[in-house]
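Student: As a plain string of letters, each chain reads:
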Amino acid sequence: MRARLLRPRTRVDWFLTVIRVAVLIVLAVGFAAFIAQEINPDNPFAQWANPDATGLTGAQFRGLVVSGIAQGSMYGLIALGYSMVYGVLGFINFAHGEVFMVGAMTGMITSNKLADAGLWESNFIGSLVFIVVVSIIVSSLTAVIMERVAYRPLRGSPRLIPLITSIGVSFFLQNASVVLLGPASKSYPDVPDWLKAKHTFLQIEGAKILVVVVAALSMAALWYYVDRTKTGKAMRAVAEDAEIAALMGIDVNRTIVKVFAVGGAMAGMAGILWGILFRSVIHTTGFLPGIKAFSAAVVGGIGHLGGAMAGGLSIGVAESVGPLLILEPLGVSGVSQLRDAVAFSMLIIVLLVKPAGLFGERLPAEDRT
Amino acid sequence: MSQDPPDRAVPLLEMRKVNAHYGAVHALRDVNLSIYAGELVCLLGGNASGKSTTLKTLLGMLTPTSGEVVLDGEVVNGRPTSYLVARGVTMVPENRRLFKRLTVRENLQLGAYLRKDSDAVASDLERVFELFPRVKERLGQKAGTLSGGEQQMVAIGRALMSQPRVLLMDEPSMGLAPTLVQQNFELISQIHEAGMTVFMVEQNANMALGIADRGWVLQTGRVVLDDTAEALLANPALRTSYLGGGKDDSDSS
Amino acid sequence: MKRKLLTLVAALFALSLFAAACGGDGDDAETTTAPAATEAPAATEAPAATETPEDEMMDHLGDGSLGVVSVESGGAVQIRSLNAITGDVAFFGLPLERAVMLAIEDYGPVHGFDVDLGTGLDDLCSNDGGQAAAQIIVADEDVLGVIGTSCSGAAVAAAPLITNAGMVLISGGNTSPALTSDLAGTPGDNYNVGYYRTAHNDLFQGAAMAKFVFGELGLTTAAAIHDGDPYTQGLAQAFADAFEAEGGTMTGFSAVNKEDTDMVPVLTEIAAGGPEALFFPIFQPAGDFIADQAPGVSGLENTVLLAADGLLNTNYLALSQTAGMYFSGPDTRFGENVNQSTGKTAQDFLAVYEERWGESPAAPFWAHGYDATTLLLDAIAAASYVDADGNLQVDRQGIRDHLNSVEGYSGLIGTINCDDFGDCGAARITVVQNIGGEDNAEASMDNVVFSFAP
Numbered sequence: 001m002r003a004r005l006l007r008p009r010t011r012v013d014w015f016l017t018v019i020r021v022a023v024l025i026v027l028a029v030g031f032a033a034f035i036a037q038e039i040n041p042d043n044p045f046a047q048w049a050n051p052d053a054t055g056l057t058g059a060q061f062r063g064l065v066v067s068g069i070a071q072g073s074m075y076g077l078i079a080l081g082y083s084m085v086y087g088v089l090g091f092i093n094f095a096h097g098e099v100f101m102v103g104a105m106t107g108m109i110t111s112n113k114l115a116d117a118g119l120w121e122s123n124f125i126g127s128l129v130f131i132v133v134v135s136i137i138v139s140s141l142t143a144v145i146m147e148r149v150a151y152r153p154l155r156g157s158p159r160l161i162p163l164i165t166s167i168g169v170s171f172f173l174q175n176a177s178v179v180l181l182g183p184a185s186k187s188y189p190d191v192p193d194w195l196k197a198k199h200t201f202l203q204i205e206g207a208k209i210l211v212v213v214v215a216a217l218s219m220a221a222l223w224y225y226v227d228r229t230k231t232g233k234a235m236r237a238v239a240e241d242a243e244i245a246a247l248m249g250i251d252v253n254r255t256i257v258k259v260f261a262v263g264g265a266m267a268g269m270a271g272i273l274w275g276i277l278f279r280s281v282i283h284t285t286g287f288l289p290g291i292k293a294f295s296a297a298v299v300g301g302i303g304h305l306g307g308a309m310a311g312g313l314s315i316g317v318a319e320s321v322g323p324l325l326i327l328e329p330l331g332v333s334g335v336s337q338l339r340d341a342v343a344f345s346m347l348i349i350v351l352l353v354k355p356a357g358l359f360g361e362r363l364p365a366e367d368r369t
Numbered sequence: 001m002s003q004d005p006p007d008r009a010v011p012l013l014e015m016r017k018v019n020a021h022y023g024a025v026h027a028l029r030d031v032n033l034s035i036y037a038g039e040l041v042c043l044l045g046g047n048a049s050g051k052s053t054t055l056k057t058l059l060g061m062l063t064p065t066s067g068e069v070v071l072d073g074e075v076v077n078g079r080p081t082s083y084l085v086a087r088g089v090t091m092v093p094e095n096r097r098l099f100k101r102l103t104v105r106e107n108l109q110l111g112a113y114l115r116k117d118s119d120a121v122a123s124d125l126e127r128v129f130e131l132f133p134r135v136k137e138r139l140g141q142k143a144g145t146l147s148g149g150e151q152q153m154v155a156i157g158r159a160l161m162s163q164p165r166v167l168l169m170d171e172p173s174m175g176l177a178p179t180l181v182q183q184n185f186e187l188i189s190q191i192h193e194a195g196m197t198v199f200m201v202e203q204n205a206n207m208a209l210g211i212a213d214r215g216w217v218l219q220t221g222r223v224v225l226d227d228t229a230e231a232l233l234a235n236p237a238l239r240t241s242y243l244g245g246g247k248d249d250s251d252s253s
Numbered sequence: 001m002k003r004k005l006l007t008l009v010a011a012l013f014a015l016s017l018f019a020a021a022c023g024g025d026g027d028d029a030e031t032t033t034a035p036a037a038t039e040a041p042a043a044t045e046a047p048a049a050t051e052t053p054e055d056e057m058m059d060h061l062g063d064g065s066l067g068v069v070s071v072e073s074g075g076a077v078q079i080r081s082l083n084a085i086t087g088d089v090a091f092f093g094l095p096l097e098r099a100v101m102l103a104i105e106d107y108g109p110v111h112g113f114d115v116d117l118g119t120g121l122d123d124l125c126s127n128d129g130g131q132a133a134a135q136i137i138v139a140d141e142d143v144l145g146v147i148g149t150s151c152s153g154a155a156v157a158a159a160p161l162i163t164n165a166g167m168v169l170i171s172g173g174n175t176s177p178a179l180t181s182d183l184a185g186t187p188g189d190n191y192n193v194g195y196y197r198t199a200h201n202d203l204f205q206g207a208a209m210a211k212f213v214f215g216e217l218g219l220t221t222a223a224a225i226h227d228g229d230p231y232t233q234g235l236a237q238a239f240a241d242a243f244e245a246e247g248g249t250m251t252g253f254s255a256v257n258k259e260d261t262d263m264v265p266v267l268t269e270i271a272a273g274g275p276e277a278l279f280f281p282i283f284q285p286a287g288d289f290i291a292d293q294a295p296g297v298s299g300l301e302n303t304v305l306l307a308a309d310g311l312l313n314t315n316y317l318a319l320s321q322t323a324g325m326y327f328s329g330p331d332t333r334f335g336e337n338v339n340q341s342t343g344k345t346a347q348d349f350l351a352v353y354e355e356r357w358g359e360s361p362a363a364p365f366w367a368h369g370y371d372a373t374t375l376l377l378d379a380i381a382a383a384s385y386v387d388a389d390g391n392l393q394v395d396r397q398g399i400r401d402h403l404n405s406v407e408g409y410s411g412l413i414g415t416i417n418c419d420d421f422g423d424c425g426a427a428r429i430t431v432v433q434n435i436g437g438e439d440n441a442e443a444s445m446d447n448v449v450f451s452f453a454p
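Residue numbers (the working numbering), protein chains in the order written: chain L, 1 to 369; chain Z, 1 to 253; chain G, 1 to 454.
Among the clues, some could well be false.
Straight-line alpha carbon distances no greater than 25 angstroms define the calculated SDA-like cross-link-like pairs of lysine to any residue that follow [what the hints assert, rightly or not]: (1) Lys113(L) / Pro183(L); (2) Lys142(Z) / Lys186(L); (3) Lys230(L) / Leu217(L); (4) Lys100(Z) / Pro183(L); (5) Lys258(G) / Gly324(G); (6) Lys56(Z) / Ala120(Z); (7) Lys186(L) / Gly75(G); (8) Lys186(L) / Ala443(G); (9) Lys136(Z) / Asp241(L); (10) Lys196(L) / Asn337(G); (11) Lys100(Z) / Gly73(Z); (12) Lys186(L) / Gly299(G); (13) Lys196(L) / Pro109(G); (14) Lys56(Z) / Arg155(L); (15) Lys230(L) / Gln141(Z); (16) Lys198(L) / Ala443(G).
If you only want the chain L side, here are some residues facing chain G, beta carbon under 7 angstroms, derived [said to hold, decoys possible]: (17) Gly182; (18) Ala184; (19) Thr231; (20) Leu288.
By construction, these hints were calculated from the structure, which means they are not laboratory data.
All residues carry an ideal CB built from backbone N, CA and C; glycine is no exception.
Okay, chain L solo, but in the shape it has when bound (with noise of 0.2 angstroms):
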């Protein structure tokens, strides 16, 4: 730190400040044209930019944020793939989004045969126990074999090789799921009336609050597993030197094979809220979910796993409100499609103002002898 205050400011230095600094103008002036809509509409300052802007209802404003952190713990969740395989092997596997595609897909096939056979309407959350069941072991096979077939023999070689064969193995996957089961989009059955219906004296959805709760499980279960159990030592060991881990005994191979069963079956998990939630899904469906989960993972901070589920929740949030909260009052058109956008330029804002992401640490050199 003391290093760094000392070094003279280069020019790209000051470049970085003037964008960090228009960055949080903008933020700044869009968050309090904003503010000043919702205290009335009519004021200069809320007109200043915008004269149509109307603002949003207390109601509204909560549904944005209530479906931003449903879809921001569904990236979460795929995050924590990306963000394990980056810690252990260092590299980005980018069709850990297509892991997610898979999990929803199984989820399509096997609620659809329950359905069918009655059980679907029956027993519910019976049902849905067996797609999770179902879903998670497909998508961590997945992810295994993948591991096995494709990376395996990559290991030790430059970084960017297996990165490109991620990208490869992703079209592999998306084009497989064409082929078995065609390019139309397909849905999942009708879910129950109470979780279509709004809850709680917060009025959210009942599939909002189950995708909440369960990726919230989901997260606990897998910190216990990464931070209690002697597998979990042994990734993080691996993760941080596997040559030490394997004169501890551990046998590194078997340990990365753990990492990505366990990265899948988050993945899986992820597929089947988002099939509740939406109910519908199509071979490209893990393609944008799965670069903002990156993008989640590098926000949060690569390698850290609460990071990657914050990392979630704050690109899920700023690209449902943002929109709407900083767009809208400074007066740029058709905002809404700019959703993704306003993921992306979190990641963007965040790495300026933060290199390491949220939470990542750094440490010191002599660390990394």
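Place chains Z and G on chain L using the hints.
Tutor: Then chains Z and G, alone, in the frame of chain L:
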């Protein structure tokens, strides 16, 4: 950690005419070493003399091209590291190499990764605390936050947790301040006195031979001297052979 | 080092996404301006066409200004189908392609020459898809005309390429006003001479929906959502203009991305205006998500949901969230209309269709595709003659001359008149209401609650 006198009949760990290669480099040439239970022995040599290769061969990270590595009468050539660790060969790596993001407790637990006897693990943990009381105070801290000396204690403690029969030490003086080096060698003789068999690889001949029973000097992959510690210290050939290897900085070991 | 690389990768990634998003808009802008002018000279030469008497020439249309295609004796007249036959919108494009096949069969040979459709091409319902397929088509200089595209977005890219090659493009599915004209004499941004369509102009559809909402439902505030596609944008705009002309108020006009799934933000934006009706003339799957999520957004609980022909298919009507929704679309009550070139009725067509493909068409534009094909074959017949060697000589300009003069043609969709900008549709629009339930999806297609003809 038995207190029995060294059994001179059967070496605990042995290298018999071992040759090893790194690609085209002939790193070990007909190396014979025998380590008996209860001994503290050291292998001396300069850079690129083959010290690290010897350790890797003993741990199964490198398979010899010829010759045998024998553990307690069993030939273990080609066995994986986990097999050797499970049978009591453990190394304290150069520069300690703790898992810095993990807590001290987790580091020690990982040392006992292969052990299933949780009661004995717990009592071994207590024994480590007896040896190094300061480690106990730091249990919940991340290992990376400890001082160099404390890290060295954790590194030795982690190795002891695997219930080793022989402890390999790679360059225990490397990268440490002089006072810490002194302290480190005291730790080693301390665990040796507690009954541990120690095989130490070291460049600092004076320090190492000061606590060791016997020693070998390795030069370009060949054992050139093999004697008791006192005799080696008195041997003028130690200096010359040593400097010969020590000057050669171009090759990394 | 690790982190720097990662940061770089992440930043590049984000930037490329921005570039992709912006680039998409840019493409549209380019294609909208470029093509209109290029074909004008050819059109001005057209009037002189019929008056070049040469001995060998039999009685046929055309002055040869766009070239003559010679079909050797025993060869076949080449036309193509360019429709959305894969992906989410295959339900829409497949019936169109099949209608082309059946129309060719029913029509029979042209001056004794067989008609060859080649391999059915796919417009992928996108700008890129239309462009790629059009390039394949124009590479074959023997092709005289193309029936397509299904989607207006694909036509924006395909029409300039195909018409510049001297071919004609006749669509049974495009409805965007930009492809023809504003119906008041001004060509649309994407109009190309040589482009025709039997589908209606969405200005009619927008007007029909506006009249229905304002007049029949008695609602005075409405909002619209499109997805940036020329079809959806044009129709949403047509509705908005017509609704305000009726005296209603538009409280919101917004857009989504085709691949969006979480519609709560855009719906919240719309809800802020508190509309009584929400018109979203888009496609699946985005349409599924809007219908599903709208009732959950505060302020839209009781808003009437309206969509258009892009979502008017049995697939969508079967979804539980679409029960009670209203859909505008072409009038499919074809009754006893007879195609004058083949003598077939809609019943004849459907009987053959169901027998051959084991289902009824999932979307309503099949009849438009059928009429488009018979119009093209009529035009080829009128613009060609068999020369002394037994070869068929087809004058490309003659095909256009014939289509420009179509008036009072009887097709499956009704009486067809082509205007100066290629609009040949029957302009009859109906609004249907979804009865609800999977089993009622077929019946809902015919559950007409309002009809409109200008």
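Student: So, for every hint listed, does it hold in this structure?
Tutor: The hints, checked one at a time:
1. Lys113(L) / Pro183(L): holds, 20 angstroms
2. Lys142(Z) / Lys186(L): Given pair Lys142(Z), Lys186(L) is violated - Cα atoms ~49 angstroms apart, limit 25 angstroms.
3. Lys230(L) / Leu217(L): holds, 20 angstroms
4. Lys100(Z) / Pro183(L): violated, 49 angstroms
5. Lys258(G) / Gly324(G): holds, 24 angstroms
6. Lys56(Z) / Ala120(Z): violated, 28 angstroms
7. Lys186(L) / Gly75(G): violated, 44 angstroms
8. Lys186(L) / Ala443(G): Satisfied, since the Cα-Cα distance of roughly 23 angstroms is no more than 25 angstroms.
9. Lys136(Z) / Asp241(L): holds, 24 angstroms
10. Lys196(L) / Asn337(G): violated, 46 angstroms
11. Lys100(Z) / Gly73(Z): Status violated; Cα separation ~37 angstroms.
12. Lys186(L) / Gly299(G): Not satisfied, since the Cα-Cα distance of roughly 29 angstroms exceeds 25 angstroms.
13. Lys196(L) / Pro109(G): violated, 58 angstroms
14. Lys56(Z) / Arg155(L): Between Lys56(Z) and Arg155(L) the Cα gap is close to 21 angstroms, so the pair holds against 25 angstroms.
15. Lys230(L) / Gln141(Z): It holds: about 18 angstroms lies between the C-alpha atoms, which stays within 25 angstroms.
16. Lys198(L) / Ala443(G): Violated, because 32 angstroms separates the two Cα atoms, which is more than 25 angstroms.
17. Gly182: violated, 9 angstroms
18. Ala184: Result: holds, 6 angstroms to nearest chain G Cβ.
19. Thr231: With Cβ-Cβ at 24 angstroms, over 7 angstroms, it is violated.
20. Leu288: holds, 6 angstroms
In this structure, the hints that do not hold are numbers 2, 4, 6, 7, 10, 11, 12, 13, 16, 17 and 19, in rising order.
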